[in-house]
Amino acid sequence: MSNTSHVAPVDLDSWNISLFPEDLLGLLTPETPLELVSHSSVSILRDDPFFKDWVFAGDIHGHIRIHPSYKAPLVQSLQGNNLALELSPFPTALIKGNQHISINTFVDALHAIGCTHIRVNAYGWKETLDIPGRRPLSYGNPLHPHAHLNTFDLGTHYHSSAITLLSPRHRDPRIKVYPPSLPLARARVTRGCPK
1 MSNTSHVAPV DLDSWNISLF PEDLLGLLTP ETPLELVSHS SVSILRDDPF FKDWVFAGDI
61 HGHIRIHPSY KAPLVQSLQG NNLALELSPF PTALIKGNQH ISINTFVDAL HAIGCTHIRV
121 NAYGWKETLD IPGRRPLSYG NPLHPHAHLN TFDLGTHYHS SAITLLSPRH RDPRIKVYPP
181 SLPLARARVT RGCPK
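In full-length UniProt numbering, the protein residues as written are 1 to 195.
Incorrect hints may appear among the rest.
Stated by the list, open to error - No farther apart than 25 Å at their CA atoms in a straight line, the calculated lysine to any residue pairs in the SDA-like style are these:
1. Lys96 x Trp125
2. Lys96 x Gln79
3. Lys126 x Ile44
4. Lys52 x His39
5. Lys52 x Leu87
6. Lys52 x Tyr123
7. Lys52 x Asn141
8. Lys52 x Glu22
9. Lys52 x Thr156
10. Lys126 x Pro33
11. Lys96 x Pro21
12. Lys126 x Cys115
13. Lys126 x Ala112
14. Lys96 x Ala72
15. Lys52 x Thr128
16. Lys126 x Lys96
Everything labelled a hint here was simulated from the structure, so no lab data went into it.
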């Protein structure tokens, strides 16, 4: 955490963007490896409800999602490239097992089945927004019909001499929450002080 204060956003923490499949080739090299999703994924990101049933098709340090109607055709198209793939029984996962392919193969398969819309979700970033002399970041395609649903989580830093008490809004079995150990902290939490 920075010990300086900023009133404007200074970094990008996460984003949800809609793209055309060919946009991936403008962001990544054709040989970039992509892992086909084989587990029932649930995004930890809050995205527009329009995308809630979309299938997690690929991962490259973020999720690439497709409309459910393209799940079986995409697997069949990839099988035509001599890939031994089996359709996942989970509604939001693409395949069973583990398979990596190039982003070029993925985009070609999406084109072959007529898929024109993908959703990309990325989180866990700490990308600085404005570095003088650096090429600006390009996220999303403003011409995409779903561009108005793109969201960005921008972060800022502020200085505080207080210890901020935090707890997750929703219970999650993957997160262990430790109760405050100091009597003063316990008193603050039980009195309803801001967390």
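Violated constraints from the hint list, given by number and in increasing order:
As far as the earlier hints go, 1, 9, 12, 13, 15, 16 are violated by this structure, in ascending order.
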